[in-house]
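Q: Chains as they are written, first to last, in our numbering: chain A, 113 to 396; chain B, 113 to 396; chain C, 113 to 396; chain D, 113 to 396.
Simulated from the structure, these hints should not be mistaken for laboratory data. Among the hints, a few may not be true.
Pairs involving identical chains hold if they fit within one copy or between any two copies, as the list cannot separate such chains.
[Claimed, not checked] BS3-like cross-link-like pairs, simulated, lysine-lysine; straight-line CA separation at most 25 Å:
| no. | residue 1 | residue 2 |
| --- | --- | --- |
| 1 | K176 | K330 |
| 2 | K306 | K237 |
| 3 | K306 | K330 |
| 4 | K330 | K391 |
| 5 | K176 | K391 |
| 6 | K124 | K306 |
| 7 | K227 | K124 |
| 8 | K391 | K237 |
| 9 | K124 | K330 |
| 10 | K237 | K176 |
| 11 | K306 | K176 |
| 12 | K391 | K124 |
| 13 | K306 | K391 |
| 14 | K176 | K227 |
| 15 | K237 | K227 |
| 16 | K124 | K237 |
| 17 | K227 | K391 |
| 18 | K237 | K330 |
Now for the letters of each chain:
There are 4 protein chains.
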Amino acid sequence: MLSSPLVDVQGKSDGRRVPIDRVGVKNVRYPISLATPAGGAHAGPRQHTIARIDMYVSLPHHQKGTHMSRFLEVLNEHHDGLPSHDVMNLCRAIRERLEAEDAHLRLEFPYFIDKRAPVTGQPGKLDIEVVLEAHASGSEPGPDAPIGPASPGFTMTVRVPATSLCPCSKEISAYGAHNQRCEMEASVRFFPGKRMWIEDLFAIVEGCASTQVFSTLKRPDEKFVTEAAYDNPKFVEDIVRDLAMAMEADDRVSWYRVGSENFESIHSHNAYAQLEHAKSAEPQ
Amino acid sequence: MLSSPLVDVQGKSDGRRVPIDRVGVKNVRYPISLATPAGGAHAGPRQHTIARIDMYVSLPHHQKGTHMSRFLEVLNEHHDGLPSHDVMNLCRAIRERLEAEDAHLRLEFPYFIDKRAPVTGQPGKLDIEVVLEAHASGSEPGPDAPIGPASPGFTMTVRVPATSLCPCSKEISAYGAHNQRCEMEASVRFFPGKRMWIEDLFAIVEGCASTQVFSTLKRPDEKFVTEAAYDNPKFVEDIVRDLAMAMEADDRVSWYRVGSENFESIHSHNAYAQLEHAKSAEPQ
Amino acid sequence: MLSSPLVDVQGKSDGRRVPIDRVGVKNVRYPISLATPAGGAHAGPRQHTIARIDMYVSLPHHQKGTHMSRFLEVLNEHHDGLPSHDVMNLCRAIRERLEAEDAHLRLEFPYFIDKRAPVTGQPGKLDIEVVLEAHASGSEPGPDAPIGPASPGFTMTVRVPATSLCPCSKEISAYGAHNQRCEMEASVRFFPGKRMWIEDLFAIVEGCASTQVFSTLKRPDEKFVTEAAYDNPKFVEDIVRDLAMAMEADDRVSWYRVGSENFESIHSHNAYAQLEHAKSAEPQ
Amino acid sequence: MLSSPLVDVQGKSDGRRVPIDRVGVKNVRYPISLATPAGGAHAGPRQHTIARIDMYVSLPHHQKGTHMSRFLEVLNEHHDGLPSHDVMNLCRAIRERLEAEDAHLRLEFPYFIDKRAPVTGQPGKLDIEVVLEAHASGSEPGPDAPIGPASPGFTMTVRVPATSLCPCSKEISAYGAHNQRCEMEASVRFFPGKRMWIEDLFAIVEGCASTQVFSTLKRPDEKFVTEAAYDNPKFVEDIVRDLAMAMEADDRVSWYRVGSENFESIHSHNAYAQLEHAKSAEPQ
Numbered sequence: 113m114l115s116s117p118l119v120d121v122q123g124k125s126d127g128r129r130v131p132i133d134r135v136g137v138k139n140v141r142y143p144i145s146l147a148t149p150a151g152g153a154h155a156g157p158r159q160h161t162i163a164r165i166d167m168y169v170s171l172p173h174h175q176k177g178t179h180m181s182r183f184l185e186v187l188n189e190h191h192d193g194l195p196s197h198d199v200m201n202l203c204r205a206i207r208e209r210l211e212a213e214d215a216h217l218r219l220e221f222p223y224f225i226d227k228r229a230p231v232t233g234q235p236g237k238l239d240i241e242v243v244l245e246a247h248a249s250g251s252e253p254g255p256d257a258p259i260g261p262a263s264p265g266f267t268m269t270v271r272v273p274a275t276s277l278c279p280c281s282k283e284i285s286a287y288g289a290h291n292q293r294c295e296m297e298a299s300v301r302f303f304p305g306k307r308m309w310i311e312d313l314f315a316i317v318e319g320c321a322s323t324q325v326f327s328t329l330k331r332p333d334e335k336f337v338t339e340a341a342y343d344n345p346k347f348v349e350d351i352v353r354d355l356a357m358a359m360e361a362d363d364r365v366s367w368y369r370v371g372s373e374n375f376e377s378i379h380s381h382n383a384y385a386q387l388e389h390a391k392s393a394e395p396q
Numbered sequence: 113m114l115s116s117p118l119v120d121v122q123g124k125s126d127g128r129r130v131p132i133d134r135v136g137v138k139n140v141r142y143p144i145s146l147a148t149p150a151g152g153a154h155a156g157p158r159q160h161t162i163a164r165i166d167m168y169v170s171l172p173h174h175q176k177g178t179h180m181s182r183f184l185e186v187l188n189e190h191h192d193g194l195p196s197h198d199v200m201n202l203c204r205a206i207r208e209r210l211e212a213e214d215a216h217l218r219l220e221f222p223y224f225i226d227k228r229a230p231v232t233g234q235p236g237k238l239d240i241e242v243v244l245e246a247h248a249s250g251s252e253p254g255p256d257a258p259i260g261p262a263s264p265g266f267t268m269t270v271r272v273p274a275t276s277l278c279p280c281s282k283e284i285s286a287y288g289a290h291n292q293r294c295e296m297e298a299s300v301r302f303f304p305g306k307r308m309w310i311e312d313l314f315a316i317v318e319g320c321a322s323t324q325v326f327s328t329l330k331r332p333d334e335k336f337v338t339e340a341a342y343d344n345p346k347f348v349e350d351i352v353r354d355l356a357m358a359m360e361a362d363d364r365v366s367w368y369r370v371g372s373e374n375f376e377s378i379h380s381h382n383a384y385a386q387l388e389h390a391k392s393a394e395p396q
Numbered sequence: 113m114l115s116s117p118l119v120d121v122q123g124k125s126d127g128r129r130v131p132i133d134r135v136g137v138k139n140v141r142y143p144i145s146l147a148t149p150a151g152g153a154h155a156g157p158r159q160h161t162i163a164r165i166d167m168y169v170s171l172p173h174h175q176k177g178t179h180m181s182r183f184l185e186v187l188n189e190h191h192d193g194l195p196s197h198d199v200m201n202l203c204r205a206i207r208e209r210l211e212a213e214d215a216h217l218r219l220e221f222p223y224f225i226d227k228r229a230p231v232t233g234q235p236g237k238l239d240i241e242v243v244l245e246a247h248a249s250g251s252e253p254g255p256d257a258p259i260g261p262a263s264p265g266f267t268m269t270v271r272v273p274a275t276s277l278c279p280c281s282k283e284i285s286a287y288g289a290h291n292q293r294c295e296m297e298a299s300v301r302f303f304p305g306k307r308m309w310i311e312d313l314f315a316i317v318e319g320c321a322s323t324q325v326f327s328t329l330k331r332p333d334e335k336f337v338t339e340a341a342y343d344n345p346k347f348v349e350d351i352v353r354d355l356a357m358a359m360e361a362d363d364r365v366s367w368y369r370v371g372s373e374n375f376e377s378i379h380s381h382n383a384y385a386q387l388e389h390a391k392s393a394e395p396q
Numbered sequence: 113m114l115s116s117p118l119v120d121v122q123g124k125s126d127g128r129r130v131p132i133d134r135v136g137v138k139n140v141r142y143p144i145s146l147a148t149p150a151g152g153a154h155a156g157p158r159q160h161t162i163a164r165i166d167m168y169v170s171l172p173h174h175q176k177g178t179h180m181s182r183f184l185e186v187l188n189e190h191h192d193g194l195p196s197h198d199v200m201n202l203c204r205a206i207r208e209r210l211e212a213e214d215a216h217l218r219l220e221f222p223y224f225i226d227k228r229a230p231v232t233g234q235p236g237k238l239d240i241e242v243v244l245e246a247h248a249s250g251s252e253p254g255p256d257a258p259i260g261p262a263s264p265g266f267t268m269t270v271r272v273p274a275t276s277l278c279p280c281s282k283e284i285s286a287y288g289a290h291n292q293r294c295e296m297e298a299s300v301r302f303f304p305g306k307r308m309w310i311e312d313l314f315a316i317v318e319g320c321a322s323t324q325v326f327s328t329l330k331r332p333d334e335k336f337v338t339e340a341a342y343d344n345p346k347f348v349e350d351i352v353r354d355l356a357m358a359m360e361a362d363d364r365v366s367w368y369r370v371g372s373e374n375f376e377s378i379h380s381h382n383a384y385a386q387l388e389h390a391k392s393a394e395p396q
């Protein structure tokens, strides 16, 4: 009744002649740790967080199935943590272990930035959301080539909470101005040999809202951020344009997509803007 | 190999001597329609929406399983829509069809309030969230008793978006004040013979924030709500206290739980307050 | 202190020379109603549901801001419901009212399919998720051209729950086979002049899993679907290949992207596959 | 125009005579680390994870507002991580710093259990969800009393994914049986002086389903779990009853609430059961 030894059903051939773009595992939660920048020549302490991970490969038309357990095996071999500079390497390792033409890897995780309150210097942690995506294909340089996360197949995204204050509301009102939390998003790819820390991209993005948010604010800090927002009103359109100009000015960035979603305090829906641009000198 | 006729496995006896508080189906999406109030003697048009529905019964220790398909049968018999005044009746119908001591019914759905902009009168719809919960038990009055949704076993909840503006930020800042969207929540039970429309509870709740939100605002409206919020600053504590005083003043309400979550524009976390009170004259 | 009359801040010019791809309102909840197919020459009754709606336009580099309230005005003019054949027309109306080069419209909503249990014929409703996306641009045929939702700028997506049963588990086990709920997704665009009902696309997709799911099953039905799944084992790869073959065979479909996410009963993560294909005769 | 020095608006008195049950901060994301059990006399390595944290205090009727920034200050003082045995102590620290009668603390976080595949011994990590809740009040023993997390004001909850296989489907079908992922939940309180590791509660709960889930399964493992599930069919009612019997048998547990949600592979809705019991000898 039972086939013996256990048949490799996935390894059988398939006659439908339909290749599959992506097949694999989705929404795997996994602990990772990331290198952080440091002052001076020393690396910072590793930051521990929890990622949601998708791992896919392409499947040629003649092969019936992929071997799902191998994705987890590759991931489990990194059980002591997954350094950010290994994201491309992990993607390549998936491609090799699964014997595939293409491999796709996506990690999404919360990340914490140490920030002091603007006047009192009160310490605090700001939580942002980070997405790292890698794509390894047969046509890219081999696994021994000296290419880090800054290769064309690597995309880094940060989502950063901040404050937006409406210029129209300020201009037309006798006093006050509606303001709200917004979430800015920036996705970037890099020119060959270039890279960024998450902290670098965060700092560029955070500077583009009306003012920053903080986890701990005492009264002098609250006065500061209230007045700073009122002094720097921005539409959602202003935020994405300032994000675009910041990305244009950074010579590490070869491609970017920037957006902002503002959780309007005067509506139950949100305002949103987005734009995308590939610089002309981009090598791909 | 196959038992024939099909065995009623659920109807078998169980020897573990463990009664179950609630067993049934969870997260059933279903279209419903609700009666709406009207001007004059006429009922308003029915409002159509989509609910997420949980239906449970108690199970005595000696019975192995409940009959899950019967929950859906009862629900499907209401396939032309589920009027709000039938919520208690539906709960009682579940209790009878499942031959149970207790039945619990919970419906959560978006509901739309027609609201005009405060100055220009521009029409618009505000989406709120409503939860109706019913509990029918053997000790309550029989199904023929003239008790509508306003019975002790019935709870109505609304979640209403609005604007809150911080009194501290206004007081200590030279200009401006941080403000943000908040979500107020009020759950109420009623004295015997009393009831409310969703619209009634919504109107009471909406009046307790710094100002209201709208779907469509032209410039004169935006000026109005900006200044109205600045003129009426409220902490999250003020909002729940004003909600409590409004519930105390309403002689239909026998019990209430009120709360507000403010999506602070200066933080990435939220401020929250909640309180609950049963009036002394409450019959249960 | 107050500008008078109220200044049109959004209408001012902008010097940053950054055009914006998409700006507008996101996550607007709104009641809509859709036409349904009928037997014979008569239209079916309208189905009422609640959509989450995104509406965006492009903004040229020289204009400071868009006029957010106009999006809601256009939507509110459809306050009696938004028929599905009006999705492209609504998108074009947005483009005109906002005086924009491009407009994007996206509606996501639950939709209910009446389905009878396979043996007993017990009635029930199956909830699926539908996404309709439209893109209107200056280069497309004018608003008077006889193009319905079946134009190149229109994409229809359905997400359909079903059952998948693992061929490997069945093959290697002495008895039983792991199975689970899966969610299939199909996005399609149409050749000129062609269209589909949501019900049509649903029926094609539902046929590609191991077996269907139902809201109400009596014991003879449960026996039927259990055995049907065991008789028709499919990997996630098989499901997407069968979806692709069904789309290839349908001469209304010019482009498709199909996928399936299987909520594996033996893991806490999911299996996933996806592929996309534009037919060679596609006119765009 | 500006009050100077900055006024303590929150410290003012309030005349509405409405005490507030809970006021504070909600949905703060924060990195924590937890002690883990070890073999022998040595502690295991700390596990790092990310929590969503709510922190509330009660507010007497005469006080206008609480001091929100102090919640974050207390949390930030634990910036090197929050050991699990400090949950009650953190709650007491909040109560003292906020000068409140009652304090409530809730942490929810993913937690990883190292599990080997049942036949091949392949290593893997299973992600579960954990909730720790603490309540400190004026009437409990002082902060110097030797009470750890195992005090009456402490509740531990785990949510554990597993497999359920339907006894009815197995009984009535000629072959096969529908099965699916389920999520079991157990909340427990402890008798004085008693405690549990998260790993302890996890192991008790995991044993109550039809079979366990794993992150990595090779073919011999997949055969094993497929047959194990078929050999051990359980209704959702069976799962909660077995959970209850396991909790009754554990002399550390003074109170429990157990439930299971089964993501039925033959429906688009879920089956659910729950029961709650306080043992007679419970000291509160």
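Q: Work down the list of hints and note, for each, if the structure agrees.
A: Here is what the structure says about each hint:
| no. | hint | verdict |
| --- | --- | --- |
| 1 | K176 <-> K330 | between (62 Å within a copy, 17 Å between copies) |
| 2 | K306 <-> K237 | neither (28 Å within a copy, 34 Å between copies) |
| 3 | K306 <-> K330 | neither (39 Å within a copy, 40 Å between copies) |
| 4 | K330 <-> K391 | neither (43 Å within a copy, 38 Å between copies) |
| 5 | K176 <-> K391 | between (41 Å within a copy, 23 Å between copies) |
| 6 | K124 <-> K306 | neither (43 Å within a copy, 38 Å between copies) |
| 7 | K227 <-> K124 | neither (55 Å within a copy, 30 Å between copies) |
| 8 | K391 <-> K237 | neither (34 Å within a copy, 42 Å between copies) |
| 9 | K124 <-> K330 | between (66 Å within a copy, 17 Å between copies) |
| 10 | K237 <-> K176 | neither (48 Å within a copy, 28 Å between copies) |
| 11 | K306 <-> K176 | neither (40 Å within a copy, 33 Å between copies) |
| 12 | K391 <-> K124 | neither (45 Å within a copy, 28 Å between copies) |
| 13 | K306 <-> K391 | within (15 Å within a copy, 39 Å between copies) |
| 14 | K176 <-> K227 | neither (51 Å within a copy, 29 Å between copies) |
| 15 | K237 <-> K227 | within (6 Å within a copy, 33 Å between copies) |
| 16 | K124 <-> K237 | neither (52 Å within a copy, 30 Å between copies) |
| 17 | K227 <-> K391 | neither (32 Å within a copy, 46 Å between copies) |
| 18 | K237 <-> K330 | within (15 Å within a copy, 39 Å between copies) |
Hints 2, 3, 4, 6, 7, 8, 10, 11, 12, 14, 16 and 17 from the list above are not met by this structure, while the remaining hints are.
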